[in-house]
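What follows is the residue order along each chain.
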Amino acid sequence: MAIIKGIELIKNGKRLDGRKPMELREMEMKVGVVPNANGSAMVRFGKTTAIAAVYGPRLALPKHLQSANKAIVQCRYNMAPFSVDERVRPGSSRREVEISKVVRLALEPVLFLENYPKTTIDIYIEIIEADGSTRVTSINAASLALADAGVPMKDLVVAVSGGKINGKLIIDLNGIEDNNSEADIPMAFIPGKKEITLLQMDGELKHEEIKEIMNNIFKAGEEIYKMQVKVLKDKYRVIV
Amino acid sequence: MEKANGVREIAVPGEILGKKGKVFSGSGTYEDGDNIVSKFLGVVTRSENYIYVTPLSGVYTPKVNDFVIGIVNQVEKFGWIVDINSPWEGFLAISEAIDEFIDIKKVVLNRYFDVDDVIYAQVVSTRRGDIQLSMKEPGCRKLTGGVLVNITPSKVPRLIGKQGSMVNMIKEKTKTVIRVGQNGIVWINGENIDKAIMAIKLIDQKSHIYGLTDEVSKLLS
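Residue numbers (numbering that gives the first Met the number 0), protein chains in the order written: chain A, 0 to 239; chain B, 0 to 220.
I should point out that these hints are in silico values taken from the structure, not numbers from a laboratory.
It should be emphasised that the depicted structure is a prediction, and the values quoted were computed from it without experimental measurement.
Certain hints may be false.
[Stated by the list, open to error] In silico BS3-like cross-links for lysine-lysine, where the CA-CA straight-line distance does not exceed 30 Å:
| hint | chain 1 | residue 1 | chain 2 | residue 2 |
| --- | --- | --- | --- | --- |
| 1 | A | K29 | A | K234 |
| 2 | B | K21 | A | K153 |
| 3 | B | K170 | B | K62 |
| 4 | B | K170 | A | K225 |
| 5 | A | K234 | B | K135 |
| 6 | A | K193 | A | K153 |
| 7 | B | K19 | A | K232 |
[Claimed, not checked] What follows is a list of derived Cβ distance ranges for each label pair:
| hint | chain 1 | residue 1 | chain 2 | residue 2 | range |
| --- | --- | --- | --- | --- | --- |
| 8 | A | V32 | B | G163 | 45 to 53 Å |
| 9 | A | V32 | B | E47 | 34 to 42 Å |
| 10 | B | E171 | A | L23 | 28 to 36 Å |
| 11 | B | I80 | A | I195 | 29 to 37 Å |
By construction, the Cβ of each residue, glycine as well, lies at the ideal position given by its N, Cα and C atoms.
Required output: the full structure, derived from the provided sequences and hints.
Have a look at this one:
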């Protein structure tokens with residue numbers, strides 16, 4: 000049973016922070032937060048905050064990184080030392096290298112890379128506050144930043160995490176739930192065609208439970224997609 | 000359609016703009032089955048036959064026959080490497096720049112164009128990021144004096160206006176000479192440079208708003 004220090008993680012159908020199982024945390028999104036970057040975005044899910052900055056397409060250097068017929072994508076996910084309770088050692092850890100790669104793989108399918116030979120698109124993601132589900136928050140932020148940078152894209156990318164606590168399926172896990180859940184699934188997908196670009200799982204789930212969580216994520220993703228579209232359009236909706 | 004001070008229709012990447020059949024997908028869009036879908040965060044233009052999306056940000060992608068303003072980066076043996084404000088550098092060969100015969104054994108090329116010189120040139124080839132420039136067209140020359148202003152490359156058509164209406168208005172009212180490169184670099188020289196810069200920055204910021212011409216003329220008068 001997932002009980003920590005005598006506190007039940009899910010009680011009377013309500014979670015620790017008072018959410019229902021299928022409720023997302025409070026969201027906040029902004030674009031254009033880094034003035035020097037070509038495009039940037041900030042996404043906050045509860046107490047998880049990610050800032051993504053996109054530079055490029057720009058010439059890929061050193062030259063051996065270049066691809067003669069398409070652009071390459073370079074992605075760096077970095078946790079700020081102060082982002083969690085116990086200080087994170089600066090520099091890439093094994094976990095950060097892995098997340099950098101899965102974020103890149105989640106975003107590459109939507110980009111028209113063949114338009115920009117010999118170039119690189121650099122995505123820098125800083126987690127300034129971490130409370131679970133950082134990789135999906137990073138993907139949401141990076142997708143907004145890419146759109147803001149004017150990189151040609153097939154669609155935006157939406158990511159949500161799902162999981163299971165005390166036999167109950169939940170969505171958008173926070174830090175405590177993440178550490179004590181029976182299973183958690185971060186998932187990213189292209190909202191238009193419902194194509195999955197990232198799917199990971201930690202823990203044990205039954206076949207039907209995975210299917211149900213994925214359906215829940217598709218449903219919750221629509222809300223996030225609506226907010227992404229709104230935030231991008233609002234940047235240019237200023238009437239003087 | 001025309002609304003005073005309203006905002007133009009804005010699309011996000013992946014937004015379905017229409018069905019294929021009557022209209023075709025123009026620049027900034029792609030076809031996905033029967034749908035015409037936007038590639039960019041940008042302003043939607045619907046003409047009779049096409050749907051276009053003009054991006055609101057992004058880098059300059061050189062196209063053949065574009066006129067650009069570049070800054071000489073390096074003087075090479077057989078030409079010049081030019082920074083044209085895009086992911087790739089442009090190359091200007093001697094034969095494309097100078098009409099007279101040059102004996103490259105005797106002449107150092109920096110007596111024609113040196114590092115940091117500003118030139119107005121035309122793109123003649125863009126094969127796979129290999130950008131070739133030419134200065135054979137009339138009007139291509141070295142730009143001396145004046146100031147350079149950067150704007151978002153995708154907003155250059157808005158700055159020029161229909162048959163140059165917008166840029167001609169700025170030229171007349173501020174008594175300046177203006178050269179606009181398709182790569183988003185604008186060269187200004189003349190009397191009232193500060194005011195011209197203000198007008199150009201205004202166009203860069205509010206390119207997606209109706210009634211921009213009136214606003215610019217108000218600023219200049």
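Now for the hints, and whether the structure bears them out:
1. A:K29 x A:K234: 9 Å, holds
2. B:K21 x A:K153: At roughly 22 Å apart (the allowed maximum being 30 Å), K153 of chain A and K21 of chain B satisfy the hint.
3. B:K170 x B:K62: 26 Å, holds
4. B:K170 x A:K225: 43 Å, violated
5. A:K234 x B:K135: Violated, because 42 Å separates the two Cα atoms, which is more than 30 Å.
6. A:K193 x A:K153: 13 Å, holds
7. B:K19 x A:K232: OK: K19 of chain B and K232 of chain A at ~25 Å, within 30 Å.
8. A:V32 x B:G163: 45 to 53 Å: Distance hint for V32 of chain A, G163 of chain B is violated at roughly 37 Å.
9. A:V32 x B:E47: 34 to 42 Å: 40 Å, holds
10. B:E171 x A:L23: 28 to 36 Å: Check failed, 55 Å falls outside 28 to 36 Å.
11. B:I80 x A:I195: 29 to 37 Å: 44 Å, violated
When the structure is compared with the earlier hints, violations turn up for hints 4, 5, 8, 10, 11 and for no others.
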